[in-house]
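Number of protein chains: 2
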Amino acid sequence: MTEARKASRRPGAGRRAGESGTREAILDAARREFGARGYDGATIRGIAAAAGVNPALVHHFYGAKEQLFAAAMRLPVVPSQVLSAVMAAERERLGDDFVNHIGEALVRGLLGIWEAPEPRSAFLGLIRSAVTSERSAAMLREFVTGTILATLMQVARPADADDRTSRYRASLVATQVIGLGFARYVLQLKPLATASTEDLVAAIGPALQRYLTGDLGPTT
Amino acid sequence: MTEARKASRRPGAGRRAGESGTREAILDAARREFGARGYDGATIRGIAAAAGVNPALVHHFYGAKEQLFAAAMRLPVVPSQVLSAVMAAERERLGDDFVNHIGEALVRGLLGIWEAPEPRSAFLGLIRSAVTSERSAAMLREFVTGTILATLMQVARPADADDRTSRYRASLVATQVIGLGFARYVLQLKPLATASTEDLVAAIGPALQRYLTGDLGPTT
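Residue numbers (the numbering used here), protein chains in the order written: chain A, 25 to 244; chain B, 25 to 244.
Hints in this document: simulated from the structure, not taken from any laboratory.
Note that identical chains are pooled: a pair holds if it fits in a single copy or bridges any two copies.
Computed list of lysine to aspartate or glutamate pairs in DMTMM-like fashion (alpha-carbon distance at most 20 Å, straight line): (1) Lys214 / Glu139; (2) Lys214 / Glu158; (3) Lys214 / Asp64; (4) Lys214 / Asp187; (5) Lys214 / Asp186; (6) Lys214 / Glu166.
Just chain A, same shape as in the assembly (with noise of 0.2 Å):
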């Protein structure tokens, strides 16, 4: 790590640490990238010159900008892309019934990650970042708005809508979906707590679909 760190400020140097030592290297840029510039500010090309290796390393270890900040992060999963899988495996299920099952799918399929110790210590390290700096929450703002919602507004995205009403429907779902991993894991709740994931999905879930395709209201 120590070599790692030193071999980092040598452009072009960082490969005689060897692999894991480069990998760090690139890691530790990272981490030190996302928090100066938030999630969207960062590249990958600024992360390889902090790094001192080549852009193309950096993808050939990472792939494409989330993937290396789920691995800076210690994200144990690339959330984008559970959720992609998530929602098909859904889609395949349930067919032509899907569309009005979005909200219960959703919720299962969090409960499924998040009842596994590291995937949810990793979501409850971002919110413990988030609510202790301005710059962590601005970087998780970014992180969540570029590429869960964007995820989420692909999936759920009525035919007629337009952008900014897709964008406010994604986050109404996130304030609901932040605050079950918040009062189930940290505060405890009960019996929140303690209730099945059936029980949470016949509960929640419709609150979720309403939020994604449902009537919102006269004046959104």
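Starting from the known structure of chain A, arrange chain B on it as the hints suggest.
Positioned in the frame of chain A, the structure of chain B alone reads:
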């Protein structure tokens, strides 16, 4: 402050430091006791003993435990009092129709409180403490359950509801409410963060109404 702390170690001597010194000593003791024993475990009697004053004096200065907690945590309002007042005003305004609009009233009332900087930062401070320490999370859970959710259960409880169901409904409301505050004020997700109060009342009110009085599925 230092004088008050010294005084607090000599039972009965608190008043010598003057009223503001005694008040500070009580709040210091309250923070220590709530932190060590949680909201449920701490008592006015124990806090008085820790501050070296008579329990009657604590009651005289701060009233009941919830008020003392609000003062110790620097909350600018006593949550369940504000909640009761907002609900009473809406009940007055809407008459018999109130029961169908509790969700909307809740969103309107909450945003009315949160749009002011002081209550908002107090709310965010509680969220921050809960996310950084398990002990604080337990304290906040007990406080939310014992005061805010208990009040909500009284206001919105259907005649035939049992205790567990009422608690479940109230905790579902908590998920949406906490997530709304987090997404709007911490993450500042757009366009949620810039949506008007009435937009959010129309969008989120019905979700809360369903949690309080609607059909939550076959299994609950």
